[in-house]
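Under my numbering, think of the first position of the sequence shown as 282, with each following residue one higher.
By construction, these hints were calculated from the structure, which means they are not laboratory data.
Beta carbons: idealized from backbone N, C-alpha and C, even for Gly.
Among the hints, erroneous ones may be present.
[Stated by the list, open to error] Derived Cβ-Cβ restraints for the label pairs, each shown as a range:
#, residue 1, residue 2, range
1, GLY361, GLY437, 39 to 45 angstroms
2, SER404, ALA424, 27 to 33 angstroms
3, PRO422, GLN400, 27 to 33 angstroms
4, ARG300, GLU405, 21 to 27 angstroms
5, ASP362, THR317, 26 to 32 angstroms
6, PRO331, PRO356, 26 to 32 angstroms
7, GLY437, GLY365, 17 to 23 angstroms
8, ASP351, THR408, 17 to 23 angstroms
9, ARG295, ALA463, 23 to 29 angstroms
10, ASP304, PRO397, 41 to 47 angstroms
11, ASP452, PRO363, 39 to 45 angstroms
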Amino acid sequence: MTGTVHQARPRRDREATRRRILDAARDLFGTQGYDTVTLRMIGTAADANPALVNRYFGTKAQLFAEVIEDESTLPQAIAGDPAGLPRRLAEHVVRQVRSRPQSRFPRIVDRSIGDPEVQRVLSEYMTERVIEPLAAQLSGPDARARATLAAVLVMGGAPARRLIGIDVLQDDPADLARRLTAMFTAALF
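Please model the entire structure based on the sequences and the hints provided.
Written out as C-alpha cells, the structure reads:
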C-alpha cells in the first residue's frame, strides 16, 4: 500500500458564483440592454464559465426574470395588512422616485423594454408578483381591476419623471407620500 495522500479539490462556492453571475447580468442589462447582452458576456463579466450561466439560470429570459425579482422591492410593499397597503405603496413610490439615478431597476427596464421577451417577463412578473397579490388583499368583484390600476400608478411615476423631468416629486417626500396614499386609497378601496 502506498502512502498516497489525496488532496481535496477546492470546493467551488456555487452560491458565490451564482451571485456573481446575477450581479454581472444586472450591470450589463442596466448599461447595455437585454438585446445586446449575451450569456457569454455575462459569464465573462462574472469570471465564470458561460456554461454555468445556463446551468444556474437556464435561458437569458430566465436570468432576466431573476434579475427583476432580485431588484424589485414592490412585493415587500404589498405584503402586510390590507389597511396599510395604500401607505406602503406610496412610501415605495417615494423611495423609488427619490433614489434616482442610483436605483438600477428602472435603468434595467428602460434599456430593455423594447424586446418582446422582456415584455413577456415583465408582464408575468407584474401579474404574478404584483397584481395577483394585490387583488388577493382586496374584496369585491372588481378587485383585479383595482389592483391593476394600483400597479399602473406604481410603475408610472418613475418613467414620467425621467421623460418630463418632474422635479416636484423631489420637493417634499412627506407631502408626496400623503398625496400618493390618497391616490392609492382611491384606486384600491
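Against the structure, the hints come out as follows:
1. GLY361 - GLY437: 39 to 45 angstroms: Because 22 angstroms falls outside the window, the suggested range is violated.
2. SER404 - ALA424: 27 to 33 angstroms: 19 angstroms, violated
3. PRO422 - GLN400: 27 to 33 angstroms: 29 angstroms, holds
4. ARG300 - GLU405: 21 to 27 angstroms: For ARG300 and GLU405 the Cβ distance comes to about 23 angstroms; the hint holds.
5. ASP362 - THR317: 26 to 32 angstroms: Given range 26 to 32 angstroms: violated, Cβ gap about 43 angstroms.
6. PRO331 - PRO356: 26 to 32 angstroms: Cβ of PRO331 to Cβ of PRO356: about 30 angstroms, so the range 26 to 32 angstroms holds.
7. GLY437 - GLY365: 17 to 23 angstroms: 22 angstroms, holds
8. ASP351 - THR408: 17 to 23 angstroms: About 18 angstroms separates the Cβ atoms of ASP351 and THR408, which means 17 to 23 angstroms holds.
9. ARG295 - ALA463: 23 to 29 angstroms: 47 angstroms, violated
10. ASP304 - PRO397: 41 to 47 angstroms: 26 angstroms, violated
11. ASP452 - PRO363: 39 to 45 angstroms: With Cβ atoms ~30 angstroms apart, the hint is violated.
Of the numbered hints stated above, those contradicted by the structure are hints 1, 2, 5, 9, 10 and 11, listed in ascending order.
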